[in-house]
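For the protein sequence lines, the chains are A and B, in the order given.
Numbers 1 to 81, taken from the numbering used here, label the letters of the first sequence in order.
Numbers 1 to 141, taken from the numbering used here, label the letters of the second sequence in order.
Do not take every clue at face value.
[Said to hold, decoys possible] Simulated DEER-style distance windows between Cβ atoms:
#1 A:L47 x B:T5: 36 to 44 Å
#2 A:A61 x B:T5: 51 to 59 Å
#3 B:P98 x A:E19: 41 to 49 Å
#4 A:L47 x B:G87: 29 to 37 Å
#5 B:P52 x A:R20: 29 to 37 Å
[Stated by the list, open to error] A few chain A residues facing chain B, derived, Cβ under 10 Å:
#6 L59
#7 D63
#8 P77
No wet-lab data here; the hints were simulated from the structure.
Where is the CB? At the ideal position from N, CA and C, for every residue including glycine.
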Amino acid sequence: MTVRIVAFARVRELLGFGERELELPDGATTRDAWNLLAASAAALQPLAASTRLARNGTLLAQDERLESGDELALLPPVGGG
Amino acid sequence: MIEITHDPIALEPLIAAVRTAADGAVVAFLGVVRQRSDDDRPVDGLSYEAYPAMALPEMRTIAAEAQSRFAGARIAIVHRIGDLRIGEASVAIAASAPHRADAFDACEYAIDELKRRVSIWKKEHYTDGEATWRENASRPG
């Protein structure tokens with residue numbers, strides 16, 4: 001299945017993209033997606049605890065199964081204002 | 001009026017959006033780029049980015065919360081993104097209410113919650129060419 005990854009700020013810079021399609025095996029979860037991305041950018045790993053994930057615009061409190069077409073956002077601590 | 005924009009912010013449209021004949025007070029707030037960082041480094045400018053799909057709904061939620069917490073309050077919020085120079089406004093909030101205490105409180109509530117919750121990020125660019133992503137201080141509770 002294919003999900004859309006959107007990344008912001010420090011996480012975007014470390015990944016090298018702000019938006020990308022990601023191929024995952026059927027049944028993959030939000031954590032699987034993070035682990036796959038973190039494997040491609042070692043500098044992301046220390047940010048695991050502070051980066052929040054949102055699926056289709058909703059912050060996740062726990063690991064969730066992804067569905068094809070989902071948008072998974074990687075959100076570092078905010079700095080607006 | 002809840003917006004994210006690349007353009008310079010004008011305060012007057014926010015004030016016009018919230019004021020009604022019932023109001024005795026309108027409080028307007030501008031967050032402005034200053035020339036020294038919190039750790040006292042000389043700043044050249046800030047760049048902001050947002051995730052509008054989450055930021056705009058959260059800004060609407062915050063405005064609705066302020067309006068239900070503070071009697072008769074109405075709130076407008078505009079946040080700018082992109083590259084900003086010193087002295088430019090990054091965020092503007094207007095709060096109206098029948099009485100000034102509610103207008104002040106609603107405005108403060110809106111900016112505090114925006115800084116805590118809304119999916120917007122800023123990078124500080126220093127005059128020495130370095131830059132860093134600057135997180136808002138998390139507040140207890």
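* Asked: Hint by hint, which ones does this structure get wrong, listed from lowest number up?
  -> 1, 2, 5, 7
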